[in-house]
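Chain by chain, the residues run as shown.
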Amino acid sequence: MQVQPRQFISFDGSTRLKGFESKPENYRYLKDLSDAPKNVDAQQTALISRGAGLSYTAASFGEDVCSIDHAQFDRILSFDKENKCIEVEAGISLGKLYDFLIEHGLFLATQPGHPRITVGGCVAPDIHGKNQFMDGTCINQVESLKLFHPSHGIIELSPEQNPELFRLTCGGYGLTGNIISCKLKLKSIPSDMANVTLRPIACIEDLPKMLRESADKADFIFSWHDFNIRGKDFGKGFIQEGRFIANASIGEKTSIRKKAAEQSLNAETRGSLPFPIFNSISVAAMNALYGAKGNSGSSFQLSLFDSIFPIQNVKELYFKFFGAAGFHEYQAIIPESNFGQYIEGVRHALQKRNLPITLASAKLFAGKQDLLRFTGDGICFAMNFPRGQEADELMKELDRLLVNCKGAPNIIKDSRLSKEIVAATYPEYEHFRTLLHQFDPKRIYRSELSERLGL
Amino acid sequence: MNLILVGASAGLGRALAERLAREKHNLLLIAGDEADLKALAADLNLRHSIKTETCAVRLQSDEESVQRIITSAAAMGQIDGILFPLGYSRTDDDGMLGAIDANRIINSNMAGIIALCAHFLPAMLSRGEGLFVFFGSVAAERGRSSNIVYAAAKRGLQSFAESLRHKCAATNINVQFYQLGYLNTAQTFGKKLPFPAAEPKDAADVIVKNLNKRFGLQYYPWFWRFICLGLRYTPWMVFKKLKF
Ligand SMILES: Cc1cc2nc3c(=O)[nH]c(=O)nc-3n(C[C@H](O)[C@H](O)[C@H](O)COP(=O)(O)OP(=O)(O)OC[C@H]3O[C@@H](n4cnc5c(N)ncnc54)[C@H](O)[C@@H]3O)c2cc1C
Numbered sequence: 002m003q004v005q006p007r008q009f010i011s012f013d014g015s016t017r018l019k020g021f022e023s024k025p026e027n028y029r030y031l032k033d034l035s036d037a038p039k040n041v042d043a044q045q046t047a048l049i050s051r052g053a054g055l056s057y058t059a060a061s062f063g064e065d066v067c068s069i070d071h072a073q074f075d076r077i078l079s080f081d082k083e084n085k086c087i088e089v090e091a092g093i094s095l096g097k098l099y100d101f102l103i104e105h106g107l108f109l110a111t112q113p114g115h116p117r118i119t120v121g122g123c124v125a126p127d128i129h130g131k132n133q134f135m136d137g138t139c140i141n142q143v144e145s146l147k148l149f150h151p152s153h154g155i156i157e158l159s160p161e162q163n164p165e166l167f168r169l170t171c172g173g174y175g176l177t178g179n180i181i182s183c184k185l186k187l188k189s190i191p192s193d194m195a196n197v198t199l200r201p202i203a204c205i206e207d208l209p210k211m212l213r214e215s216a217d218k219a220d221f222i223f224s225w226h227d228f229n230i231r232g233k234d235f236g237k238g239f240i241q242e243g244r245f246i247a248n249a250s251i252g253e254k255t256s257i258r259k260k261a262a263e264q265s266l267n268a269e270t271r272g273s274l275p276f277p278i279f280n281s282i283s284v285a286a287m288n289a290l291y292g293a294k295g296n297s298g299s300s301f302q303l304s305l306f307d308s309i310f311p312i313q314n315v316k317e318l319y320f321k322f323f324g325a326a327g328f329h330e331y332q333a334i335i336p337e338s339n340f341g342q343y344i345e346g347v348r349h350a351l352q353k354r355n356l357p358i359t360l361a362s363a364k365l366f367a368g369k370q371d372l373l374r375f376t377g378d379g380i381c382f383a384m385n386f387p388r389g390q391e392a393d394e395l396m397k398e399l400d401r402l403l404v405n406c407k408g409a410p411n412i413i414k415d416s417r418l419s420k421e422i423v424a425a426t427y428p429e430y431e432h433f434r435t436l437l438h439q440f441d442p443k444r445i446y447r448s449e450l451s452e453r454l455g456l
Numbered sequence: 140m141n142l143i144l145v146g147a148s149a150g151l152g153r154a155l156a157e158r159l160a161r162e163k164h165n166l167l168l169i170a171g172d173e174a175d176l177k178a179l180a181a182d183l184n185l186r187h188s189i190k191t192e193t194c195a196v197r198l199q200s201d202e203e204s205v206q207r208i209i210t211s212a213a214a215m216g217q218i219d220g221i222l223f224p225l226g227y228s229r230t231d232d233d234g235m236l237g238a239i240d241a242n243r244i245i246n247s248n249m250a251g252i253i254a255l256c257a258h259f260l261p262a263m264l265s266r267g268e269g270l271f272v273f274f275g276s277v278a279a280e281r282g283r284s285s286n287i288v289y290a291a292a293k294r295g296l297q298s299f300a301e302s303l304r305h306k307c308a309a310t311n312i313n314v315q316f317y318q319l320g321y322l323n324t325a326q327t328f329g330k331k332l333p334f335p336a337a338e339p340k341d342a343a344d345v346i347v348k349n350l351n352k353r354f355g356l357q358y359y360p361w362f363w364r365f366i367c368l369g370l371r372y373t374p375w376m377v378f379k380k381l382k383f
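Listed in order, the protein sequences are those of chains V and R. Quick note on our numbering: the first sequence kicks off at 2 and runs consecutively. Quick note on our numbering: the second sequence kicks off at 140 and runs consecutively.
Quick caveat, the hints were computed from the structure, so don't treat them as lab data. Incorrect hints may appear among the rest.
[What the hints assert, rightly or not] To give an idea of the interface, some chain V residues facing chain R are shown, with a C-beta separation under 10 Å as derived from the structure:
#	residue
1	GLN5
2	GLU22
3	ASN27
4	ILE77
5	PHE80
6	GLU83
7	ILE87
8	PHE101
9	GLU206
[What the hints assert, rightly or not] Each computed DSS-like pair below joins lysine-lysine, with the alpha-carbon atoms no more than 25 Å apart:
#	chain 1	residue 1	chain 2	residue 2
10	V	LYS82	R	LYS163
11	V	LYS186	V	LYS85
12	V	LYS210	V	LYS233
13	V	LYS32	V	LYS218
14	R	LYS331	R	LYS382
15	V	LYS237	V	LYS85
16	R	LYS163	R	LYS352
17	V	LYS32	R	LYS177
18	V	LYS82	R	LYS177
19	R	LYS330	V	LYS19
20	V	LYS237	V	LYS218
21	V	LYS82	V	LYS147
22	R	LYS177	V	LYS184
23	R	LYS190	V	LYS82
24	V	LYS19	R	LYS163
25	V	LYS407	V	LYS353
26	R	LYS190	V	LYS184
27	V	LYS407	V	LYS397
28	V	LYS82	V	LYS237
29	R	LYS163	R	LYS190
30	R	LYS331	V	LYS147
31	R	LYS340	R	LYS190
32	R	LYS331	R	LYS348
33	V	LYS184	V	LYS237
34	V	LYS147	V	LYS186
35	V	LYS85	R	LYS190
36	R	LYS177	R	LYS340
37	V	LYS294	V	LYS237
38	V	LYS186	V	LYS369
39	V	LYS186	R	LYS177
40	V	LYS85	R	LYS177
Idealized CB from N, CA, C, for every residue including glycine.
Build out the structure end to end from the sequences listed, making use of the hints.
Right, dumping it as structure tokens:
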């Protein structure tokens, strides 16, 4: 297996590290990996899988770690239309998968917001979509998967076969080995168009109740809030309720879709602007403009592709506008009963600071927390803001608030999360660690994320 | 068309497989590893609804490897063309390789290809039509102190293609030879290159667009034509001092 040194950067711009990369083109690399680490100290041969490298955190690289790029492993291996099941190699992008499935009137129910993201990149951190309350997280879409580890070879995992390792891998941040392929469950779509209704939110404390009301009638929901306003209007915004339209013509928007699948968003070019465009004034203006959209209670139509992957084309500029210094993506699940206390804490923390909040958004979550998987009952709340000293202080305050409110932070999104905070918010932190060390005593698979969290 | 693609699982071969499948050509995919071929064939089948066959073999001039390809080709029906996007080089090819290693390079880059062509040529000649696409390397443009046997084999292949073209001149058998510059593949991965490497999928686009064009030799990327011209006419007094 050929390896070369490489400088990596995380998508949020926070972490730059020297590691190594390998870009295997065929399955022979598995044999090379099986042969290589046997006689060598694990520290020197640390490995980690890499998908599109679009994680905000340094999850697919680490200092002196060899990142194995799965880009060439992007093929569809089998497809069972009748039973709504597809087997794919883990490097396939969601865009390519979408293009294939839409022709058959099917789609993957849980997907993150960008078509370049890979299936491996979805399964390993167990990502969620805008329908988590209904369809769960990525693990709920996986029927089975093939995992490779140099000490164990290729192992088949599913809820029935090696169930513990299955749970450790879906939500294991790539630390159990290379996911080679996945069998995914699919859902039928009535059409590739969705109707989106905007419901204004005057008072953010009402958000949990309103999200629940929306959940009864929508296929996907999320909210948007203006956190730059002080006073009683703090957090006003709207809920976007999306519902697929029955009988719209499938494949109508093919040309738009195909073009979108070839987006070039990546961690290296995201920070190409040397200075940020976002500051208190530009963000206040942008939010006022965007917020006005929701006041009318209007509705509009959106292609399924655009509703799943809202960030394409010109919208990618949003990330570029943070410039080289980068940004924080903060996301946490807060139990509904503590949401009022939590929002009050956030309001308090923001009032003390002059920090432009470029995005504040929430989704409804349902489920039970397990190992280090980002799931559970509650409100999933997210914020974006530029990096800097004030932002660092805010994040520390939010950490304390979250522990008090019995919430949990999203590990794949927050680059500076400490081991202590993760241990305090994920009751099964130690159990995860124990299972991981039992499976791989040499701890061959590592990343900046795993080192930072003491895994 | 029913095409044979030798060296289909990686780099340019893989890109060509994708591009040809998009044009609805049926493909016999040949490469060394069964797992790669099966995955590729399944993917092309499902996404492009074409017919695919696979044959996991490393093409050499021996009876066995050629015969295995011939057997797999029988399942395809009439073979309309063969493309050979493959190359095998090694870093210790410095003129001191033993017979086995040197033969392997010659076999993979030239002798095996010649043996396979010899089998399919008679049928194409009797039909009066067919297609052969060969791939050389700019490394063979002028002999140097590295890639010694590789360059010799590739230059031999170029001569073979030239002869084949001459033999088929009165027919509709199209013989094309691409002199390839750097491509972004495993062969160039991690190497510091004096000129930019092209993407295999861009090369595949050009090659597939050109399938019906009649030409003997084409450089890809195009600018290598001028670099190679310069190399060929560099006086020996200067050339002997060049380290590359
Ligand atoms: C624009 C944008 C929108 C997003 N929207 C959402 C969203 O709505 N919901 C959400 O939950 N997340 C979202 N994310 C986060 C994103 O889904 C995750 O960070 C995802 O992991 C990125 O996938 P990737 O292919 O880039 O993987 P990488 O960033 O390369 O890797 C991510 C992790 O997966 C592991 N991994 C990747 N491939 C494999 C493999 N084959 N085998 C084993 N491990 C592997 C890596 O080791 C690493 O730990 C978004 C990110 C962006 C940039």
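Status of the hints after comparison with the structure:
| no. | hint | result |
| --- | --- | --- |
| 1 | GLN5 | holds, 3 Å |
| 2 | GLU22 | holds, 9 Å |
| 3 | ASN27 | holds, 4 Å |
| 4 | ILE77 | holds, 5 Å |
| 5 | PHE80 | holds, 5 Å |
| 6 | GLU83 | violated, 14 Å |
| 7 | ILE87 | holds, 9 Å |
| 8 | PHE101 | holds, 6 Å |
| 9 | GLU206 | violated, 49 Å |
| 10 | LYS82(V) <-> LYS163(R) | holds, 22 Å |
| 11 | LYS186(V) <-> LYS85(V) | holds, 6 Å |
| 12 | LYS210(V) <-> LYS233(V) | holds, 19 Å |
| 13 | LYS32(V) <-> LYS218(V) | violated, 51 Å |
| 14 | LYS331(R) <-> LYS382(R) | holds, 14 Å |
| 15 | LYS237(V) <-> LYS85(V) | violated, 41 Å |
| 16 | LYS163(R) <-> LYS352(R) | holds, 19 Å |
| 17 | LYS32(V) <-> LYS177(R) | holds, 18 Å |
| 18 | LYS82(V) <-> LYS177(R) | holds, 20 Å |
| 19 | LYS330(R) <-> LYS19(V) | holds, 18 Å |
| 20 | LYS237(V) <-> LYS218(V) | holds, 22 Å |
| 21 | LYS82(V) <-> LYS147(V) | holds, 21 Å |
| 22 | LYS177(R) <-> LYS184(V) | holds, 17 Å |
| 23 | LYS190(R) <-> LYS82(V) | holds, 19 Å |
| 24 | LYS19(V) <-> LYS163(R) | violated, 44 Å |
| 25 | LYS407(V) <-> LYS353(V) | holds, 23 Å |
| 26 | LYS190(R) <-> LYS184(V) | holds, 24 Å |
| 27 | LYS407(V) <-> LYS397(V) | holds, 15 Å |
| 28 | LYS82(V) <-> LYS237(V) | violated, 44 Å |
| 29 | LYS163(R) <-> LYS190(R) | holds, 9 Å |
| 30 | LYS331(R) <-> LYS147(V) | violated, 35 Å |
| 31 | LYS340(R) <-> LYS190(R) | holds, 21 Å |
| 32 | LYS331(R) <-> LYS348(R) | violated, 30 Å |
| 33 | LYS184(V) <-> LYS237(V) | violated, 41 Å |
| 34 | LYS147(V) <-> LYS186(V) | holds, 15 Å |
| 35 | LYS85(V) <-> LYS190(R) | holds, 23 Å |
| 36 | LYS177(R) <-> LYS340(R) | holds, 21 Å |
| 37 | LYS294(V) <-> LYS237(V) | holds, 12 Å |
| 38 | LYS186(V) <-> LYS369(V) | holds, 21 Å |
| 39 | LYS186(V) <-> LYS177(R) | holds, 22 Å |
| 40 | LYS85(V) <-> LYS177(R) | holds, 22 Å |
Figure legend: structure checked against the earlier numbered hints; hints not met, in rising order: 6, 9, 13, 15, 24, 28, 30, 32, 33.
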